[in-house]
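> The chain contents come next:
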Amino acid sequence: MRLLLVISDFIIPVTVLFIVCFGCLKKVKIYETFLEGAKDGLKTVVEILPTLIGLIVAVEVFRSGGLLDILTNFIRPLAQRVGFPAELAPLSLIRLVSSSAATGLLLDIFRNFGPDSFLGRVSSVMMSCTETVFYTMSLYFLSVGIRKTRYTLPCALLANFAGVIAAVLLVGMAFGK
Amino acid sequence: MLDAIWGFFIIGGILTGAALGRMDMVTAAVISGGKSAVELAITMGGVVAMWSGVLKIAEKGGMIDSLSVKLTPAMDFLFPSVPRNHKARQYIAANFAANFLGLGWAATPAGLMAMKELQKLNKEKECATGAMCMFLTINMSSLQLVTVNILAYRTEFGSQAPAEIVGVGIVATLITTLVGMLAAKIMDKVG
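Taken in sequence, the protein lines are chains A and E. Numbering-wise, UniProt numbering puts 51 at position 51 of the first sequence, and it's gapless, one number per residue. Numbering-wise, UniProt numbering puts 81 at position 81 of the second sequence, and it's gapless, one number per residue.
Bound conformation, chain E alone (with noise of 0.2 Å):
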């Protein structure tokens, strides 16, 4: 799927490019895409390690632990299949967590060990488990309750009232992480 995606986009893009005489933009994007994905891993890299810091600190002191005992009846809903006292919860609930509250990249860090730990799980190495589908639809369905970028944004445009839209983003937010659930929940079943 990923390979299918990918060649589409590059193999897509160049034809298009070619055939509408964009060659010359294709050619910068190409070099400046590699640029801007190392300068992204130099920010990104910065930003990373010091989250996973703090987390390896509260995971040490057993806050990730605690946090994830709390959402057992959630975990055993989700992720029937990862054991209760298995390490890969403990890194959902910190990435779920973390992307609550908005904390982004901090976020990151958390997921990529879930995915660990998932994979360790898993019996076909190549093959997604249905606790990976499972958690990647729910990360992927925006759980952030408050984008504040947005907020930033429309009292630089002159909005009368920035925040106005809080209340109906949140409702929008539950309605994506219900929908991507149920149907990674049937999927699961059903497959």
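Just chain A, with the same shape it has in the complex (with noise of 0.2 Å):
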């Protein structure tokens, strides 16, 4: 655990430290290149801004008029008919929506049941394993210009769903339940 705390500080500046050096070697012109990048890095979130601010909106509205509780209400008796925990069906929705929501839904859990229990175990994994599909996908299709996404959502819901019933089975298979 410690260690990797520790890594996870040293991720960020070794990398940089990395890419500078190997930069230095290559005699490449590093402060130069690096504005050159970083003004092509602002021009790109000032081009995706009006776009986050669609998303950002939409999801609030959604939060916030209350469907999203409804939606979750309806899940939650289907999934218990089907054996899946029903306090994480609404992790699992809004975890496609809102990554803040969802890091609020999980320190519920945590804070309710402990994360050590099953609960707090599965959905520590979900959180893992798991994507903000909705904001990601929209991000990068506009930031192009694509309007027909084609198969790529119900691929992607696909996979966030195999990583729900993955989370349940394999923490029921390694700690038990």
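Calculated pairs, DSBU-like style, for lysine-lysine (alpha carbon to alpha carbon, straight line, at most 35 Å):
#	chain 1	residue 1	chain 2	residue 2
1	E	K116	E	K189
2	A	K26	A	K43
3	A	K148	E	K120
4	A	K43	E	K185
5	E	K87	E	K189
6	E	K125	A	K43
7	A	K148	E	K70
8	A	K148	E	K125
9	E	K87	A	K29
10	A	K29	E	K116
11	A	K27	E	K87
12	E	K123	A	K148
13	E	K123	E	K185
14	A	K148	E	K87
15	E	K70	A	K43
16	E	K35	A	K148
17	E	K185	E	K116
18	A	K27	E	K116
19	E	K120	E	K185
20	E	K35	A	K39
21	A	K39	E	K116
22	E	K185	E	K125
23	E	K116	E	K35
24	E	K123	A	K39
25	E	K185	E	K87
26	E	K123	E	K70
27	E	K189	E	K120
28	E	K87	A	K39
29	A	K43	E	K87
30	E	K120	E	K35
31	A	K39	A	K29
32	E	K70	E	K185
33	E	K123	E	K189
34	E	K70	E	K125
35	A	K43	A	K27
36	A	K26	E	K116
Selected chain E positions facing chain A (in silico; Cβ < 7 Å):
#	residue
37	W6
38	V26
39	G33
40	G53
Quick caveat, the hints were computed from the structure, so don't treat them as lab data. All values reported here derive from a predicted model rather than from experimental measurement. Positions of the beta carbon are idealized from the N, C-alpha and C atoms, including for glycine.
Join the two chains into one complex using the hints; note that each chain is given alone, in its own frame.
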């Protein structure tokens, strides 16, 4: 555990160090090149700002209006019927939409059941193997003006669904219920 | 598709808000949503610019090129329509590497550049190519091996062994990525 946290403190600075040293060795004009890249990066952020505004407003409206609660309440009994822990239904749904809202739910689960409970462990694994699909997909596609996303959404949802199932089964196998 | 999802979020959200008498909260959401997006963009601007700069050094030094060459067999399998020496392959490789290491926003600039390069190979500019679908499906299947935030939260809430879920987490991440990859591959063949 300690080792992992130490590694995570090291990973960003060491990556930067590694790349900059590598650049020096290859005789790249490092600072000039850095500025060139940084300028492109800023341009990118300005270009995607309208997309971000649209996305975040939509997600906030969706959450605050109560539609998300209705959907999770609808899924809860269905989940229970197939033997899926009902407490995790909201998390698996919200995770697709908003990372910060999902973190809030994760912490609620930790608070109510403890991080070392079955639910605590499953939700930890679920958070590590799933992504905010709605946000990522919109950001990347809209940045280049794609409107027809074809089979991307079903494939991504399937992958995330597999992750949720895998989390429940694997934690059950590894630690018991 | 994106129009449909966005419309569903906005229209559905406002109508439910009206039905449940939560219009005050919806109003607040409209205003604060725009504000938090701009705040996010400001924070993101610094980080993304920094990583784009570093990435450019790696690119000019030939590091990303050699990374994508090393990944050639995997790239040939996943993105057969992208030529071997094409820039899209380099940015995809950089995006996967950054995601893998959990560098978070370092992955975003490389990912957006990969999309730009893939778009150059696209004949129908409004319609996603098979390579784009594959790239995003893998990207959204979560590649990060160890999510340090989760470990930190577990520690904070008094877990006896915060890192005990790492092994299971890695297996679950591999499963999601494999499932996504296979699904996209099958859809590409079928469609």
